[in-house]
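K.L.:
Could you build all of it, start to finish, from the sequences and the hints given here?
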Amino acid sequence: MLHFIGHRLLQLIPLLIAISIIVFVIIQLPPGDFLTTYIQQLELSGTKVDAGTIISLKQQYGLDQPAYMQYFIWMKNILLHGDLGRSFQWNMPVSEVIGERLGLTMLISTLTLVFVWVVAIPIGIYSATHQYSFLDYVFTFIGFIGLAVPGFLIALILVYAVFVNTGVSITGLFSPEYVNAPWSWDKVVNMLQRIWLPIVVIGMSGTAGLIRVTRGMLLDELQKQYVITARAKGVEERRLLFKYPVRMAINPLISTIGWTLPGIISGEAIVSIVLNMPTTGPILLKALMFQDMYLAGSFLLILSVLTVVGTLLSDILLAVVDPRIRFGGVQE
Amino acid sequence: MKRSFLSMVASSFLLSMTLSGCFGGAANEPPKETPKQTTQTDKKETPAPANTGQAGGGAGANAGGVPTTFKQAPMFEGKNLPPVKDRLPADVKVANEMPPDMLKYEIGTYGGTLRTVTSVVGWDADVFVMTNEPLLNTPGILGKEITGNVLKDYKVNPEQTQFDFYMRKGLKWSDGKPVTTEDVKFSIEDVLFNEELTPVFPAWLKAGGKADGTPMKFKVIDEYTFQISFDKPYGGFPIRLAIESWRGYNDYILKPAHFLKQFHKKYADPKQLEAALKEGKYAEGEWVKLFNDKDITSRELTRPQAIGFPTLYPWVMTKSTDTVTEYERNPYYFKVDSQGNQLPYIDKIQSTLVQNIESVTMKTIAGEVDFSRESAALIKMPLYKENEKKGGYRTLLADMHVTPTDIFINQTYNDPNWRKVVQDVRFRKALNLALDRKEIIDTIYYGFAEPGKIVDSTFNLDQANKLLDEMGMKKGPDGFRQGPDGKKFTIPIEVGAQAPDIVPLTQLVVEFWKKLGLDVTMKTIDQTLWGSRRDANELQATMIWTHTPLWYMADWGQNYWGRLWKLWLDTGGKQGEEPPADVKKFYDLIDKVATSPPQDAIKAIDEVKSEMNKNVWYFVHIDNVKQPLVVNAKLGNIPEKGFAIAGNFSGEQFFFKK
Chain A
8 MLHFIGHRLL
18 QLIPLLIAIS
28 IIVFVIIQLP
38 PGDFLTTYIQ
48 QLELSGTKVD
58 AGTIISLKQQ
68 YGLDQPAYMQ
78 YFIWMKNILL
88 HGDLGRSFQW
98 NMPVSEVIGE
108 RLGLTMLIST
118 LTLVFVWVVA
128 IPIGIYSATH
138 QYSFLDYVFT
148 FIGFIGLAVP
158 GFLIALILVY
168 AVFVNTGVSI
178 TGLFSPEYVN
188 APWSWDKVVN
198 MLQRIWLPIV
208 VIGMSGTAGL
218 IRVTRGMLLD
228 ELQKQYVITA
238 RAKGVEERRL
248 LFKYPVRMAI
258 NPLISTIGWT
268 LPGIISGEAI
278 VSIVLNMPTT
288 GPILLKALMF
298 QDMYLAGSFL
308 LILSVLTVVG
318 TLLSDILLAV
328 VDPRIRFGGV
338 QE
Chain B
58 MKRSFLSMVA
68 SSFLLSMTLS
78 GCFGGAANEP
88 PKETPKQTTQ
98 TDKKETPAPA
108 NTGQAGGGAG
118 ANAGGVPTTF
128 KQAPMFEGKN
138 LPPVKDRLPA
148 DVKVANEMPP
158 DMLKYEIGTY
168 GGTLRTVTSV
178 VGWDADVFVM
188 TNEPLLNTPG
198 ILGKEITGNV
208 LKDYKVNPEQ
218 TQFDFYMRKG
228 LKWSDGKPVT
238 TEDVKFSIED
248 VLFNEELTPV
258 FPAWLKAGGK
268 ADGTPMKFKV
278 IDEYTFQISF
288 DKPYGGFPIR
298 LAIESWRGYN
308 DYILKPAHFL
318 KQFHKKYADP
328 KQLEAALKEG
338 KYAEGEWVKL
348 FNDKDITSRE
358 LTRPQAIGFP
368 TLYPWVMTKS
378 TDTVTEYERN
388 PYYFKVDSQG
398 NQLPYIDKIQ
408 STLVQNIESV
418 TMKTIAGEVD
428 FSRESAALIK
438 MPLYKENEKK
448 GGYRTLLADM
458 HVTPTDIFIN
468 QTYNDPNWRK
478 VVQDVRFRKA
488 LNLALDRKEI
498 IDTIYYGFAE
508 PGKIVDSTFN
518 LDQANKLLDE
528 MGMKKGPDGF
538 RQGPDGKKFT
548 IPIEVGAQAP
558 DIVPLTQLVV
568 EFWKKLGLDV
578 TMKTIDQTLW
588 GSRRDANELQ
598 ATMIWTHTPL
608 WYMADWGQNY
618 WGRLWKLWLD
628 TGGKQGEEPP
638 ADVKKFYDLI
648 DKVATSPPQD
658 AIKAIDEVKS
668 EMNKNVWYFV
678 HIDNVKQPLV
688 VNAKLGNIPE
698 KGFAIAGNFS
708 GEQFFFKK
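Heads up: the sequence lines are chains A and B, in that order.
Counting in my numbering, the first sequence runs from 8 upward without gaps.
Counting in my numbering, the second sequence runs from 58 upward without gaps.
What the hints contain is simulated information worked out from the structure, not anything from laboratory work.
A portion of the hints provided could be inaccurate.
Computed, partial: chain B to chain A, Cβ under 8 Å [to be verified]:
#, residue
1, Gly179
2, Ala260
3, Ser302
4, Trp303
5, Leu347
6, Asn349
7, Thr409
8, Thr585
Every residue, glycine too, gets a C-beta built ideally from N, C-alpha and C.
P.N.:
Below is the structure:
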């Protein structure tokens, strides 16, 4: 097992280098750079930007170097100093820009994950064991709606409905008086009053998907010989269900950890934009739009690393949980 | 709702008609006789009282005279500050003067927090327009008169080459340190003339405002007087200090030397500088980056780095998180009202950062915003009006400071066939004649605009067709007019969606020009790509606004209709192509506007306009478009007329009515 993990870790190095290069190239692909966007904005708002300003801005942002040099400087600083570079847009070290918002993003995403699991797994189990019952149809119906309607649309509708009926704009995580207040019990309560909305909206499609997956997997398992055998031997129905088939059916939870981890960090960008959440998703989008290359690059790099690490984790967990799964390199 | 909206439309339309009447009349009026060219302000010997007479001109103010006793905001009581009289300069400035027809000034009351919302990181245009302080002031922003602001006054010699500037005695930075010529000396000699910090000397500070002019000369006369001189006449210099390019006092001329010296290699203690570099995560020797970061210019006054930077603005930034930025009143702010109350009236500004522009609208209609201009769009007017009562705000219509989207045909695009056609003035006149202004105004601007007055606004398709026939642009078998090469002549319009009116307007223009038998296409492209294509001279036809024609700056869209000619001008003939004589004449005229004192400039601008009408370089089809301004219904001293930009919105005068 250790051999396998070591093997996989070594594989990560060339993979991450490749990813970092691709990320950097992709960010540089659109015409111009952050400065051209910035100068264009200044010009359109009536500020005359003369050649001197452009040159000194170029120096200030380090954009007078060729792209490959910018990449090497960026990589060198990450590897030697753990420094992700400076965000042009925020004029702050990237780590500070991301760091400030990471906490809330993780809170929302983790709660969403818990919400999805808590809601979806019991419903999935119920639907499978009561196939074609009235409630199964109801859940299936809701599930398909949740899968089909994009989260941002649901968010828009909710925001609109609340505004029209109460005159309150429920955007953001806090009401105006708490936004800048230091953390206190009241502030937490205020947040709890609002945080359910993004959790439900972001979790909606995940819940719907997971219900279907759990239901399908469990239905598969329930048909299998070992279940029939166990039932024939008189194992109590509830115990029978939870001891083996359910364990098999929730396998997707483990195998999708690879995507779950980056999801926790990136948040649901579009829903966050609609609901005006101070999370990391919207920052990534803006960074890409403004060609804020170190911010966008670091972000994508972190997400890539998390995906890779997540995949590794789920591989290991799967090997532990499901004895049927074997990898090359794992000793019997 | 519908009826109220209609009546609103009607009344606003009437308002806009009367307004434009005032403006049009004012702009065309012959400039008033000024006895001598020696001074720009009326009474140079007693500049402060002269200013105040203007300032207090509105209702409720004392008639003239500087107040001698001063009051401060209750917020400062018990704060252990020096008495308010000592915090104010001896040459105190009485409120921000505005023409009385634009603002009926009322004496306000202290207190309150003003809320704004922005969707751009590190930039809040609404806070900027309320707080920015230029060196000189130009009431109403038309530049007919220039008065003191941060500087008390100025004097110019008859040759328009030498400018003496007088500072306010006892003026103090927000940290209480005095503002003197020492600060000006540092800003000019150690920053502007330092090649590391300013690698290329800005053109507007060279003689005549031209890139090939000689840099200005600077001399300190005494603690409160300094002199800037040029080797050629530069009468437009004061207006450039007052409004052009939104320049604040701290862009090049006046920076807090006592604060910035600790980051300047020449003055700083090497050890401390090194520590500061480390703290800011800069590499060794990057003191220029550090200095630029610490040196907050007017454009950066809403960036989080502005905390702790000594300023002269009415409010100073005190706190900035990733979603909210807070400003508190500056205890040393130099303006008072005519009854001696130190400004600003409002205690705090709270600026919230949201993820996108729609969230701004949401907050606006929910009544969570007290002042919103930048993100307000004419297209959302019905939405604002519908929620006005519920949200407790008013929606005003101010004048847009830019032309609404103009239409450009690139006359230097690299295609001989194209050039031959578009450089023919008959072609441009034909296109101009084919623009149905009435339809544009009704469908795109809901009636809140007027046909442009700079270029002939006649709509006549027959005449337009006749001009094209005269040029020999025959129709081919496919029904389209042909270029000189005998092929279908195509006008490909490429636009970025920089403003909400650009795309629908383009669609309309495409239809108009198709009626002439021309093949016109439209493509919306990404804004960055649009900018790169423009710079590479690859745009053949496009639409964007320009800043000047309606008031007073030297931007006539030359980069869009004659990119290579403008490049030739800017690089002194090194790049681009030499423009034809008529374009050169046009450039000279624009230049004259920029370098003349206000009275002459206003005359010259009429000449520019007549040249523009003769040659139709591009299409300024509409003017007097309105810009919505959403303000809290209780907010007082908001100008009801005039341009929706900086200077007109002096936030220090705003106050919350009880």
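K.L.:
Sort out which numbered hints this structure fails and list those numbers smallest first.
P.N.:
Hint 5 contradicted; others consistent.
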